[in-house]
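What follows is the residue order along each chain.
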Amino acid sequence: MIGKEESIRDDLLRIGDYEFGSRVLLGTAAYPNRQTMLESLKVSGAELVTISLRRVAPNQPGNQSENLYRILRERGFTLLPNTAGCFSAREAVMTAEMAREALGTDLIKLEVIADEETLLPDPHELLEAADTLVQKGFTVLPYTSDDPVLARKLEDAGCAAIMPLASPIGTGLGIANPHNLSIIRARTQLPVVVDAGLGTASDVTQAFELGCDAVLLNTAIARAEHPITMASAIGYAAKAGRQAYLAGRMPKKTHAESASPLQGRAWR
Amino acid sequence: MIGKEESIRDDLLRIGDYEFGSRVLLGTAAYPNRQTMLESLKVSGAELVTISLRRVAPNQPGNQSENLYRILRERGFTLLPNTAGCFSAREAVMTAEMAREALGTDLIKLEVIADEETLLPDPHELLEAADTLVQKGFTVLPYTSDDPVLARKLEDAGCAAIMPLASPIGTGLGIANPHNLSIIRARTQLPVVVDAGLGTASDVTQAFELGCDAVLLNTAIARAEHPITMASAIGYAAKAGRQAYLAGRMPKKTHAESASPLQGRAWR
Amino acid sequence: MIGKEESIRDDLLRIGDYEFGSRVLLGTAAYPNRQTMLESLKVSGAELVTISLRRVAPNQPGNQSENLYRILRERGFTLLPNTAGCFSAREAVMTAEMAREALGTDLIKLEVIADEETLLPDPHELLEAADTLVQKGFTVLPYTSDDPVLARKLEDAGCAAIMPLASPIGTGLGIANPHNLSIIRARTQLPVVVDAGLGTASDVTQAFELGCDAVLLNTAIARAEHPITMASAIGYAAKAGRQAYLAGRMPKKTHAESASPLQGRAWR
Amino acid sequence: MIGKEESIRDDLLRIGDYEFGSRVLLGTAAYPNRQTMLESLKVSGAELVTISLRRVAPNQPGNQSENLYRILRERGFTLLPNTAGCFSAREAVMTAEMAREALGTDLIKLEVIADEETLLPDPHELLEAADTLVQKGFTVLPYTSDDPVLARKLEDAGCAAIMPLASPIGTGLGIANPHNLSIIRARTQLPVVVDAGLGTASDVTQAFELGCDAVLLNTAIARAEHPITMASAIGYAAKAGRQAYLAGRMPKKTHAESASPLQGRAWR
Amino acid sequence: MILRINGMPMEYENDLTLLEVIQQQTGQKQFDGMAVALNGEVIIRKKWETTSLQTKDSLEILQAVSGG
Amino acid sequence: MILRINGMPMEYENDLTLLEVIQQQTGQKQFDGMAVALNGEVIIRKKWETTSLQTKDSLEILQAVSGG
Amino acid sequence: MILRINGMPMEYENDLTLLEVIQQQTGQKQFDGMAVALNGEVIIRKKWETTSLQTKDSLEILQAVSGG
Amino acid sequence: MILRINGMPMEYENDLTLLEVIQQQTGQKQFDGMAVALNGEVIIRKKWETTSLQTKDSLEILQAVSGG
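Protein chains in written order, with the numbering used here: chain F, 481 to 748; chain S, 481 to 748; chain G, 481 to 748; chain A, 481 to 748; chain W, 9 to 76; chain P, 9 to 76; chain L, 9 to 76; chain B, 9 to 76.
A portion of the hints provided could be inaccurate.
Derived DSS-like pairs (lysine-lysine); straight-line CA-CA distance at most 30 Å [to be verified]:
| no. | chain 1 | residue 1 | chain 2 | residue 2 |
| --- | --- | --- | --- | --- |
| 1 | W | K54 | W | K64 |
| 2 | L | K37 | L | K64 |
| 3 | S | K522 | F | K522 |
| 4 | F | K616 | B | K64 |
| 5 | W | K55 | W | K37 |
| 6 | L | K54 | A | K616 |
| 7 | G | K733 | A | K522 |
| 8 | L | K64 | L | K54 |
| 9 | L | K54 | L | K37 |
| 10 | F | K522 | S | K733 |
| 11 | B | K54 | B | K37 |
| 12 | B | K37 | B | K55 |
| 13 | S | K522 | F | K732 |
| 14 | W | K54 | S | K616 |
| 15 | A | K733 | G | K522 |
| 16 | P | K55 | P | K37 |
| 17 | A | K616 | L | K55 |
| 18 | S | K733 | A | K522 |
| 19 | A | K732 | S | K732 |
| 20 | B | K54 | B | K64 |
| 21 | P | K64 | P | K37 |
| 22 | G | K616 | P | K64 |
| 23 | F | K732 | G | K733 |
| 24 | B | K55 | F | K616 |
| 25 | F | K732 | G | K732 |
| 26 | S | K733 | A | K732 |
| 27 | F | K616 | B | K54 |
| 28 | B | K64 | B | K37 |
| 29 | P | K55 | G | K616 |
| 30 | G | K522 | A | K522 |
| 31 | W | K37 | W | K54 |
| 32 | S | K616 | W | K64 |
| 33 | F | K733 | G | K522 |
| 34 | W | K64 | W | K37 |
Source of the hints: derived by calculation from the structure; they are not laboratory data.
Please model the entire structure based on the sequences and the hints provided.
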């Protein structure tokens, strides 16, 4: 009956050949403990979760990290390996190839950062790595600045999504430059996934209201006082923001206007 | 198991002697049609909805307004009559008494506005009316400015909630002065219901993150392009904001910090 | 030749029967020392400066405060006594009368605060005091909230200016609610002097760009690391903001637009 | 006597081997007429002004453009030619070489934009052009995004200043991302000149308060209702912001604090 | 008698009760969500039948409508 | 006599004028920027010499200090 | 000879120097704020008189205009 | 033979296959979520048993850990 309501039920996030019912992507790091992490993933509704690749410690049978892969797969999550910690296109490409082999996925969250101080992406190395990985058949989700020009170049290189930052990684400062996210959104055919810097639910809601298609969070949940409750909050915030975007907000007005009817007022 | 999660399930809004499971209050005016209004109320999850009193038009059998009361009651809503359109304490008190008689409720959303241009509350008339209505046994929810001093006076007068505006009625400008709402919240024992000026989901989420206890909207939903979808968005936004507040957000940081582990990085 | 330029030279601030060439009003308290205070007043260009009345300490010949009055008068400043620290209309009116007798001026900065925690004005006591003082022949400059309704009432009571706060006294948080200042400005015939909460030069510039007519600062200068330099900055900031307001800023645009000519570009 | 005050008198802007007393750089385009342009340059106090190179129209004796060069030189301005309209490193380098020959200066405002829609800089072409021009002996002032990583690369390439945008060219949206400008400022030894997007005086003041060293404006003045008045405003705004930065602003506080003394209050 | 109802002068027969006037004025039989003030005093529903009116009385008859 | 001056009880000889009390109380000879209220009423400067006091009178003696 | 000047084909007599072409093309005698590239290479002012042109040469003649 | 494994020199018997070295190095039997590069080239799981190593070979053995 309400066409709009129906369409919302079928409002899938499409990245490359993948489809997701949830528009929240979550990281798996920095939680107080694994149980809290798993419960947070669950209540957030996330389907796509990020992991890193790190060197296996020598002679440690049954160590935690091996289990992580199985545990996440058993619970039905799709894995999104990242190239966190890479400073050059070469490192990132090799890490991506290792991830593809280790996890059996062509999905890659491509991070190529310029320095450890800012953790900001290096535009030159990032674009080169994206170009190479697309040619190698990866579904590339690049973590990028909010520069609309770089976003366009990444799209032209064949990436499957644009993942601009809200603000620097781990700061929780929220969306530093909404105007840039709007420009990116308006100029791309790709899904826009806001990654990094989102600190709380209203940041998430705002990201969707700007037209962005998904969000990726980690620290905001893992370092909340109560991570599981925050994970639930973020799940609701994404639904709120997405629906508000689809609903089309009322225009802002400078002057007050009553909703209650003016006619028929008593005592006059 | 997770104490926090359980407590959230029992996170009721208490206003005077009343309890509500939903923290969204909605107006019933200015929708494209009644069906859209009723469906919006439903999907938002609202339990407490506002209505006005207006003069009965002569000789119009079965007119719409009579039905409204029954329809809302049949669907289980609690009614919150307002005194919209009143410019003096005297008018507002009489309207409140009429509302109590008409609707059989001691709840009253007390509006006493200063002029039609701004629709802003008159601090002097408002306080006088609040004082009188409390003495007459009403459960008074005053629509007020975001002035913490007036809020304190309304509390001292015996009001059951504080309802500061986000920005002028019907503008959708969002929370013009978050600092004032924080001050009000910090200094009162009463529930704080943000009323007027909220324009979209992220405004609602922000209101809760500031510690406010509920929101009251009308134009934001009724004048959205798709009111029902916006009503759903607002319902989610309230849950998101409330839970984010209870979860305790991560601290904001100036400098970037990685969630992914630094140890064990490859290629070095 | 340039009519606008000429008019700016004659751009006086008029408050009641008084005229000032400078649009900066300064407080005289909380400086590291008196020399810094006097030098700050001087470089700011201020003509109207505020003072308080306090009880004379017993048996202290030649104490500082007596000198203050003479020193400021000798240097040509116009004195604006305040009623800081008064909590009721009665106290404020008596203080104003003492100030008129002590300083020989009908100018009064009317402060009636609600509590020591927020130092926010009490709307009811303030209006009552303003009303009384106007009738007693004072030129009343009321320190008020940014509530446009209260501003209108103060104008109706016969005040000579409206002095809304930017944010709470001494916080330096800048203009918390620019929209309210715009509404106040649009609805009054009186000069609007932004008082309290301005923290640095850009706050001052913004106040004037909103159309306000003057600013009053104290802590921003007295508690800057280098008060005299900040006083100079504030003097320039007032000129900048006032002229920008008179100049009429360019309209904001969503899309980029080149100033350099597009025609005649080489190499194509 | 006041060391700080003295140092401010000698507060020169140094770019490469050049020194300027003024921290305002102005464009020369888009004014209502040449007379207004020249008067605006004069009242702003600008010493360094930008020009473009364009093809000479055929057979037009005594055309305007030739005069411009002489007129600006006669009035003592230092010329800063730009490469506006260039889309590639190659075009920009050739334009810079033509400018050096035409104007006898090694100064170049390096613009390499990605597309006409956004007029945003192309990070890859920009860096390549900067690298080449530095090697050819130019004093390079690159117009860049607010990406701190690209800023660092431009510094490493040998540029003489960093010129990040406030927001897209010609929009007047002000500083879209103050946090990024702060990061750039904190990490570079070079002067930071905020270029593009500044719309009015308070934007300028804010840029300096963030620690930036100079500003470059054009549309904000040329398209103000009264350009000459706005030029004067911008001159004052730069002084205000610079001095406020040097003065060290008061810390922001959450809670109110009185400047007037609490002791000795009457009537108690 | 001349009554002032919701700000408008209306002519009614003498000796009508408040209830009868309300019925005629509104054309309604049920009065859910409705309230009445006579000369500025609220008259509770139960008393409508026993309240008599006289010329120049002023009535406000209000009912619930959508509001914000 | 016992006067309440600026909130504190002070003992002064009887028969002193207001001016004399102020001089003794403040130790000053010039009164620029100073004002006095006797029992809540401002006494203008010219009347200080002719105003007599009695025990239990309350005086507020204020003067200009730096303020914001 | 046919020269391409500022992107447009123009016909000039053979054997003209660069200076002569510029003078004819621009109608100017003074060249302050002007620069010229021949086939993508900047030719400094001093060499204009001694630089000869041939058909199909491409010239860019630029000068300072207002810019931002 | 001396292998460089995850950046550290390790001594292993000669003639071990890649699989055997990985088993000994990691102490694991299952290799879910693990990948290996030999001298900068990824070796797919199926080839671990048939890949022989020689001294000075460099191995990176990585596995999935939590990440953001």
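Here is what the structure says about each hint:
1. W:K54 to W:K64: holds (23 Å)
2. L:K37 to L:K64: holds (25 Å)
3. S:K522 to F:K522: holds (27 Å)
4. F:K616 to B:K64: The hint holds at about 29 Å.
5. W:K55 to W:K37: Since the Cα atoms of K55 of chain W and K37 of chain W sit roughly 16 Å apart, the hinted pair holds (cutoff 30 Å).
6. L:K54 to A:K616: holds (20 Å)
7. G:K733 to A:K522: holds (27 Å)
8. L:K64 to L:K54: Holds, because 23 Å separates the two Cα atoms, which is no more than 30 Å.
9. L:K54 to L:K37: Roughly 14 Å between the alpha carbons, so the hint for K54 of chain L and K37 of chain L holds.
10. F:K522 to S:K733: Holds: K522 of chain F and K733 of chain S sit about 27 Å apart, inside 30 Å.
11. B:K54 to B:K37: Judged against 30 Å, a Cα distance of about 14 Å means the pair holds.
12. B:K37 to B:K55: holds (16 Å)
13. S:K522 to F:K732: holds (25 Å)
14. W:K54 to S:K616: holds (20 Å)
15. A:K733 to G:K522: Holds - the C-alpha atoms of K522 of chain G and K733 of chain A are around 27 Å apart, at most 30 Å.
16. P:K55 to P:K37: Cα-Cα ~16 Å, so holds.
17. A:K616 to L:K55: It holds: about 21 Å lies between the C-alpha atoms, which stays within 30 Å.
18. S:K733 to A:K522: violated (43 Å)
19. A:K732 to S:K732: At roughly 16 Å apart (the allowed maximum being 30 Å), K732 of chain S and K732 of chain A satisfy the hint.
20. B:K54 to B:K64: Within the cut-off at roughly 23 Å; holds.
21. P:K64 to P:K37: Given pair K64 of chain P, K37 of chain P holds - Cα atoms ~25 Å apart, limit 30 Å.
22. G:K616 to P:K64: Holds, at about 29 Å.
23. F:K732 to G:K733: With a Cα-Cα distance of about 17 Å, the restraint between K732 of chain F and K733 of chain G holds, given a limit of 30 Å.
24. B:K55 to F:K616: Holds - the C-alpha atoms of K616 of chain F and K55 of chain B are around 20 Å apart, at most 30 Å.
25. F:K732 to G:K732: The hint holds at about 16 Å.
26. S:K733 to A:K732: Holds, because 17 Å separates the two Cα atoms, which is no more than 30 Å.
27. F:K616 to B:K54: Between K616 of chain F and K54 of chain B the Cα gap is close to 20 Å, so the pair holds against 30 Å.
28. B:K64 to B:K37: holds (25 Å)
29. P:K55 to G:K616: Holds, because 20 Å separates the two Cα atoms, which is no more than 30 Å.
30. G:K522 to A:K522: Holds: K522 of chain G and K522 of chain A sit about 27 Å apart, inside 30 Å.
31. W:K37 to W:K54: Measuring from Cα to Cα gives roughly 14 Å; hence the hint holds.
32. S:K616 to W:K64: Given that 30 Å is the threshold and the Cα spacing comes to 29 Å, the pair holds.
33. F:K733 to G:K522: It is violated: about 43 Å lies between the C-alpha atoms, which goes past 30 Å.
34. W:K64 to W:K37: Holds, because 25 Å separates the two Cα atoms, which is no more than 30 Å.
The structure does not agree with the numbered hints 18 and 33 stated previously, though it agrees with the rest.
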